[in-house]
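Number of protein chains: 2
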Amino acid sequence: METYPITIGKITRHVPVVETLPGVHIPLVEIMGDVELVQAAAEALVKHLPPETDTLLTLETSPIVLAHVMSAISGKPYVVVRRKRRPYMQDPIIQEVESLTLGVTETLWLDSRMAEKLLGQNVALVFDVVSSGGTMMALEKVAKKAGANVVARLAAFHQGNSKLPITFLSEIPILQTA
Amino acid sequence: METYPITIGKITRHVPVVETLPGVHIPLVEIMGDVELVQAAAEALVKHLPPETDTLLTLETSPIVLAHVMSAISGKPYVVVRRKRRPYMQDPIIQEVESLTLGVTETLWLDSRMAEKLLGQNVALVFDVVSSGGTMMALEKVAKKAGANVVARLAAFHQGNSKLPITFLSEIPILQTA
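Chains as they are written, first to last, in this note's numbering: chain A, 1 to 178; chain B, 1 to 178.
Chain A extracted, bound-state conformation:
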């Protein structure tokens, strides 16, 4: 199996390279299940939190553990936007997102009880991997609908071309083959 080395701080992982489109090969980063890598990324990213940050905002699924550990380190609370409507939700904020990863339109959901926690808050968006930035833009819209002010866009890894100014720790290439 072809692998590619990715590094955060002192942690290096040789991750599998997968073919997502014919001729397009991408190192597959999965931080879930990797306590050491999440810890290293969280410790590095909290240093990039602006002092005025009140709350971390992330979304299902893989960046949740990163936001959780960043919250434990920084003492700042975090909120998770869902990718599926849950039966308990009341008057949720709904936001469409076109995800290149899945190649389909997805919908983000935030229960009004969670949205209340964002009202008037300075929030930092937390991602594991940002590629096109489309999901991050959708998350930013959710934050604004909830009355929050986005003060930082943080990601452990950056891959490809995003349209947003993002603070990230490590660049992952998109590998083209003939």
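If you are wondering where the hints come from, they were derived from the structure by calculation, not from laboratory data.
Some hints here could point you the wrong way.
Just so you know, same-sequence chains aren't split out, so a pair can sit in one copy or run between any two.
Claimed, not checked - SDA-like mimics (lysine to any residue), calculated; alpha carbons at most 20 Å apart, straight line:
(1) K10 with D91
(2) K84 with W109
(3) K84 with T107
(4) K84 with T61
What you are looking at is a predicted structure, and each value in this text was computed from that prediction instead of being measured.
Starting from the known structure of chain A, arrange chain B on it as the hints suggest.
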């Protein structure tokens, strides 16, 4: 808003009570976003891990942070079963589950690369809330398909009647009203 007190260790939260069916009211537990509650639950649950446990097994979404922190405390790795097919998956294990929470049939997915980590392993299933046990039974089937041996079924909270022997920390009532 009506609330109900739930307690794990020294942590008590007054969670909202939601009406899921006419006359059926349920305290709504959400451990995601609550670093203290997750830490308390993880510390208590790792004490119930059988010594022969090799790996923790959980699934999307809310119990992931619990499994992550239990992994950090115990040093035992964890694997996350997905509720949606991801484009990178190769020969995934597929398992239907009938979820009472959502009232619809769901499907569990585990990429073969993750399934390999379970082969021949003694696994402990990790949940935040177990109600009917249907989801836990489906997760157990995933474990068996991957060649693992289930040695423990752990949950932070238990609610209602499950058909499985489960080790849990706190009972949450289902509140009936006239």
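Here is how each hint holds up against the structure:
Taking the shortest Cα distances, K10 and D91 never come within 20 Å of each other, neither inside one copy (44 Å) nor across copies (33 Å). Taking identical chains as interchangeable, the C-alpha atoms of K84 and W109 lie at most 20 Å apart whether they share a chain (6 Å) or sit on different chains (16 Å). In this homomeric assembly, K84 and T107 come within 20 Å of each other (Cα to Cα) both inside a single copy, at 7 Å, and across copies, at 14 Å. Taking the closest pair of Cα atoms, K84 and T61 come within 20 Å of each other both inside a single copy (11 Å) and across two copies (10 Å).
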